[in-house]
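Colleague: Given chain A, put chain B in place with the hints provided.
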Amino acid sequence: MLYPDTVESEVLVHKPWFVMATFAAILAVFLAIDLTGTSMGEFMRPVIGEPAESGLYGRFAIAFVIAVLFCMNVVLIGFATLKVQIAIVWLELLLLFLAFFKTFNLSLPFMAEKLPFLITQGLFTTIYVSAISIIIASAIAILGAVAKLSTNGFAYAVASFYTSFFRGLPLLMQVYLIYLGLPQLGFIIDAVPAGILALSLCYGAYMTEIFRSGIQSIDRGQWEASRSIGFGFGLTMRKIILPQALPVIIPPTGNQFISMLKDSSLVSVIGVWELMFLARTLGQKTFQHMEMLISAAMLYWGLSICLELVQARIERHYARSKIR
Amino acid sequence: MSAEKIIDVRNVSKWYGAFRVLTDVNLTVERGERIVICGPSGSGKSTLIRCFNRLEAHQQGDIVVNGITLHDKMRNVGEVRKNVGMVFQHFNLFPHMTVLMNCMVGPMWIKGVPEAEARRTALQFLERVRIPEQANKYPVQLSGGQQQRVAIARSLCMQPAVMLFDEPTSALDPEMVSEVLETMTGLAREGMTMVCVTHEMAFARAVADRVIFMNAGQVVEQGKPDEFFGNPQHERTRLFLSQILKH
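Line order of the protein sequences matches chains A and B. Using full-length UniProt numbering, the letters of the first sequence correspond one by one to residues 1 to 324. Using full-length UniProt numbering, the letters of the second sequence correspond one by one to residues 1 to 247.
What the hints contain is simulated information worked out from the structure, not anything from laboratory work. Ideal placement from N, C-alpha and C gives every residue a C-beta, glycine not left out. Check each hint, because a few of them may be wrong.
Stated by the list, open to error - Take a look, some chain B residues computed to stay more than 10 Å from chain A by CB distance:
hint, residue
1, Lys5
2, Glu30
3, Gly42
4, Thr69
5, Gly112
6, Glu167
7, Glu190
8, Pro225
9, Arg238
10, Leu241
11, Ile244
What the hints assert, rightly or not - In silico lysine-lysine, BS3-like type, Cα no more than 27 Å apart, as pairs:
hint, chain 1, residue 1, chain 2, residue 2
12, A, Lys285, A, Lys262
13, B, Lys73, B, Lys111
14, A, Lys239, B, Lys73
15, B, Lys73, B, Lys5
16, A, Lys262, A, Lys102
17, B, Lys137, B, Lys111
18, A, Lys114, A, Lys102
19, B, Lys111, A, Lys239
20, B, Lys137, A, Lys239
Excised from the complex, chain A in its bound form (with noise of 0.2 Å):
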């Protein structure tokens, strides 16, 4: 929360000088920018004549039809309420960007008929690539994070230059290190064994990062009402200091699995079948790049977009012992 003051002002949205100002940011904007000759242009056919000679005058008239559209619709909806007003907004920021790919004439039925591949292939690679690259992430994230907090210089010296390691690499070239690398010691691994062990490595470091700064974020006085009480070390840290640490820990590990969905994406350069790999080959063939690419583009948001609702879901739950 930004926690707003309690003197209610008028809204920012309706306030004369912030609506002339966008009018004019917006019209000056649509001038600067030539739309005679796309869709804009021919919608204005009635009103301008033949786009390709309307001009000045055609521009002008463009931009000052694009610049009312946009001061209306953001000053109606500033009258409703904050719930409607979020997803008005969503949707038309969706609507711009359908309009956006409309423009690159994509093919459907080439979309429709290699999606369902796309999906249990390529989908189907990329969640079970990083589902389980973050459980092990977050697995060697608590161990580093004891490790890098304990007085056991051993294990600080182990934590500290894991971390120091593969957050200084990029993960691209770790890929290419575990997955080349390692034959050279005679161990033979498989692309997505190699994948999965890169990406848990790199994640891992950073995340031992997140859990020690949650670890250290819990008072003192709760370690030692936990001592004082008789509990050891493992229970302290597993009842009292983890759960606690949780809801500091979440966002920023939200964000880490969300961007981890993602850079699972660098495993295709190893040949892993997973969805960016899948999208660049399969429209290779016919030319199809951008049909494959917005395909998988739209299926990696759809996938953040879940995570980011059990995040949500997640942090509500973390809530209840902060309600006053």
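Modeller: What follows is chain B alone, placed relative to chain A:
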């Protein structure tokens, strides 16, 4: 008749780096005794009682609690801690658990008490500190005085041999001090062995068997409340008492 010693402190010294916080402290607490430790801030009184359940380590001398000697290689520090209840200045309730759970977890996880029995015990002690109706709330929903009473109940649920109070009322609003002190007085009446670090001199006078005055890491003076307040022997004690009783 020689009473059983619950806490026996012999020639204990403690340092924080080069700074000596405790100097040759000697003290015994017998079963059923109520002891109040007072002294200016920084005199080492909190540090001393935190040594009794080894939240702090001492470097010299012996501390024997309930027959177990405390030292840095001990394996059974849990044995000591489950028999020594501690109430903190800032309550330190577990904020992610309900009041009831706060009281149940100790017996359940340390003593292996079944959940139903732990619940019964917890409710019984919440009753005793007079807040059974708050059992299903979370600590943040309670006032400071209520939280401190829950903290007392949480310790009592472990049925400890001795209770340590580390300035239990210093973080409370004036109005709430009395409800906590009443609870503590009630405990004392029932014969609980108690060591209280507190500035509440009226409480000390009414409840304590012995008042101990510490200054600069040393026990300066100890005695029965009547003698202690009526006829303090040391200059430093007189100065302290005149400061604290002026208000």
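Colleague: Against this structure, judge whether each hint is valid.
Modeller: Outcome of the hint check:
1. Lys5: 21 Å, holds
2. Glu30: Glutamate 30 (chain B) is indeed farther than 10 Å from all Cβ atoms of chain A, at 22 Å.
3. Gly42: About 19 Å separates glycine 42 (chain B) from the closest Cβ of chain A, which puts it past 10 Å; holds.
4. Thr69: 18 Å, holds
5. Gly112: 12 Å, holds
6. Glu167: 13 Å, holds
7. Glu190: 21 Å, holds
8. Pro225: The assertion about proline 225 (chain B) holds, with a minimum of 27 Å to chain A.
9. Arg238: Correct as stated: the minimum Cβ-Cβ distance to chain A is 34 Å, above 10 Å.
10. Leu241: Leucine 241 (chain B) is indeed farther than 10 Å from all Cβ atoms of chain A, at 30 Å.
11. Ile244: 26 Å, holds
12. A:Lys285 - A:Lys262: 25 Å, holds
13. B:Lys73 - B:Lys111: 23 Å, holds
14. A:Lys239 - B:Lys73: 25 Å, holds
15. B:Lys73 - B:Lys5: Since the Cα atoms of lysine 73 (chain B) and lysine 5 (chain B) sit roughly 23 Å apart, the hinted pair holds (cutoff 27 Å).
16. A:Lys262 - A:Lys102: 24 Å, holds
17. B:Lys137 - B:Lys111: 25 Å, holds
18. A:Lys114 - A:Lys102: 19 Å, holds
19. B:Lys111 - A:Lys239: Between lysine 111 (chain B) and lysine 239 (chain A) the Cα gap is close to 16 Å, so the pair holds against 27 Å.
20. B:Lys137 - A:Lys239: 19 Å, holds
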